[in-house]
Amino acid sequence: MKIVCRCEDITYEEILEAIRSGYTDIESLKRKLNFGMGPCRGRICIPIIVKILARELGKNVEEVGYPSERPPIIPLPLGILATGENREEKS
Amino acid sequence: MVIIGGGISGLSIAYNLAKLGLDDIVVVEKKYLGGGSTGKCGTGIRQQFTTKEHIMLMKESVKLWEKLDEELGHDVGYRQTGYLWLIRDEEELSVFKENVNIQNKYGVPSRIISVEDALEIVPYLNPEVFIAAAFCHKDGKASPFKTVNAYYEAGRRLRVEYYTYTEVKGIVVENGRIHKVITSKGDIETNKVVNAAGAGARKIGEMVGIDMPVENYRHHIMVTEPFQEFVKPMVIRGKLYFTQTERGGIIGGIDMPEKPDQPLRARLDFLEVFAANLVKVMPILKNVNILRQWAGYYVMTKDNHPILGETEKLEGFYIAAGFSGHGFMMGPIVGKLIAELIVYGKPSVPIDALKLERFERGELIYERAVIG
Chain A
1 MKIVCRCEDI TYEEILEAIR SGYTDIESLK RKLNFGMGPC RGRICIPIIV
51 KILARELGKN VEEVGYPSER PPIIPLPLGI LATGENREEK S
Chain B
92 MVIIGGGISG LSIAYNLAKL GLDDIVVVEK KYLGGGSTGK CGTGIRQQFT
142 TKEHIMLMKE SVKLWEKLDE ELGHDVGYRQ TGYLWLIRDE EELSVFKENV
192 NIQNKYGVPS RIISVEDALE IVPYLNPEVF IAAAFCHKDG KASPFKTVNA
242 YYEAGRRLRV EYYTYTEVKG IVVENGRIHK VITSKGDIET NKVVNAAGAG
292 ARKIGEMVGI DMPVENYRHH IMVTEPFQEF VKPMVIRGKL YFTQTERGGI
342 IGGIDMPEKP DQPLRARLDF LEVFAANLVK VMPILKNVNI LRQWAGYYVM
392 TKDNHPILGE TEKLEGFYIA AGFSGHGFMM GPIVGKLIAE LIVYGKPSVP
442 IDALKLERFE RGELIYERAV IG
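Chains as they are written, first to last, in the working numbering: chain A, 1 to 91; chain B, 92 to 463.
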């Protein structure tokens, strides 16, 4: 067993199985297995998985592409961002 | 039969049509399945609405959610953990009492509870920020990704075909009948089309000269790092909502002023307003890390109810759109009813009041409980 996504414990075998069962684009594959959604934000696993997918499909990495990026770049505590107090929503 | 839109509505309609024995069902999706509003949603499933139409639809939808794992042969992450609505003042309390009366009248077991009772259901809530709460234990949440995959795999077993990364470019109508759908990957001959295109629904309507009175409003949402679950229900206070996902992260949002049709870019000020409100309601979360934020569209109608059914303007043109932020939770029932309408000519729950034509006739039904 080889762990590819360390935040979510996704293995190489699970990735191959998902690709072979029809999750053949990077966005669907990501949502099938939930890789790249942990604290590392996909820095470790996504480049590896893009390569695995490209190899399985016989495509190059550019054709497979990367999943969409979501901010923030690094995890941030809620308390630090909580500066909107005086702008509390009024409904 | 062509279904435009591979979100939960389109996928559920396709699955239900195949289950009723229809052949040659094609789902056409511009991006990947669940790539629109479904995959970006807040995961909540509730019956605490304020109109008969919404309450009846959601009551039936919840019955389907309760057995959806079994029905589709795939985990959808459904959990009936309730919706806990924090009531801020006496004025809100009187509105919620009315809402609970309407919900109870139609068989939804919501009730007003005390601050102490609310703290039993969700610990660490700040008791200073609410005076009572409305709770319905039959509300809940599910995983949008798992649900999309469950419908996809179940539909595939029934020979539904899925064309992803395929854009609809036009719909050919001849002598008042739909003739074919033109896509970026070729033409599909059909005389029946379902417009379940979510934020693209207005554009699909334009292709056949039908004005879809919907506007796409951008809404913001975020998720934190995961931790042991103690926020089981969806918690709502004003326009703030949050809960914990199956994987343990807090998922939540708050309404931000937006103009229609803004691109799906994230706004930093959303995080500031959201975090301030969340930490006020649950101070213990102040050291929890936000992992990511994103935005998705609420496809709003003028009365916050979806447009469902066949239009009188074009034979064979069915609509399941304009869910006004509630498309995910309604997916199971919408799929069943639209499929019954197409196959039997009549759905098992009446949806006539939700037809497109209600807007011209001025027969609007107003929903006031829209959040996020």
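Just so you know, the hints here were simulated from the structure itself, not pulled from any lab data. Being a predicted model, the structure only gives us computed values, none of them experimental. Be aware that a few hints might be false.
Unchecked claim - Lysine-lysine pairs mimicking DSS-like chemistry, simulated, CA-CA at most 27 angstroms apart: (1) A:51 with B:271; (2) A:59 with B:377; (3) B:271 with B:154; (4) B:154 with B:350; (5) A:51 with A:2; (6) B:196 with B:393; (7) B:377 with B:122; (8) B:276 with B:350; (9) A:59 with B:154; (10) B:122 with A:51; (11) B:154 with B:188; (12) B:131 with B:271.
Tested hints:
For a cut-off of 27 angstroms, the pair hint linking residue 51 (chain A) to residue 271 (chain B) is broken: about 39 angstroms separates their Cα positions. With a C-alpha separation of about 45 angstroms, the suggested pairing of residue 59 (chain A) with residue 377 (chain B) is violated against the 27 angstroms cut-off. Distance restraint check for residue 271 (chain B) and residue 154 (chain B): the Cα-Cα separation of roughly 36 angstroms exceeds the 27 angstroms cut-off, and the hinted pair is therefore not satisfied. The straight-line distance between the Cα atoms of residue 154 (chain B) and residue 350 (chain B) is roughly 36 angstroms, outside the 27 angstroms bound, and the hint therefore fails.
Taking the CA atoms of residue 51 (chain A) and residue 2 (chain A), the gap is about 15 angstroms. The hint holds against a cut of 27 angstroms. Proposed proximity of residue 196 (chain B) and residue 393 (chain B) is supported: the alpha carbons are some 26 angstroms apart, at most 27 angstroms. At most 27 angstroms may separate the alpha-carbon atoms for a hinted pair to count; residue 377 (chain B) and residue 122 (chain B) exceed this at roughly 36 angstroms. Straight-line distance between C-alpha atoms of residue 276 (chain B) and residue 350 (chain B) comes to about 33 angstroms, which puts the hinted pair past the 27 angstroms bound.
Restraint check: the Cα-Cα separation between residue 59 (chain A) and residue 154 (chain B) comes to about 44 angstroms, which exceeds 27 angstroms; the hinted pair is violated. Distance hint between residue 122 (chain B) and residue 51 (chain A) is fulfilled; the C-alpha atoms sit about 21 angstroms from each other, no more than 27 angstroms. Distance check on the hinted pair: residue 154 (chain B) and residue 188 (chain B) sit about 25 angstroms apart at the alpha-carbon level, within 27 angstroms; holds. In summary, the hint linking residue 131 (chain B) to residue 271 (chain B) is not supported, as the alpha carbons are separated by about 31 angstroms, beyond the 27 angstroms threshold.
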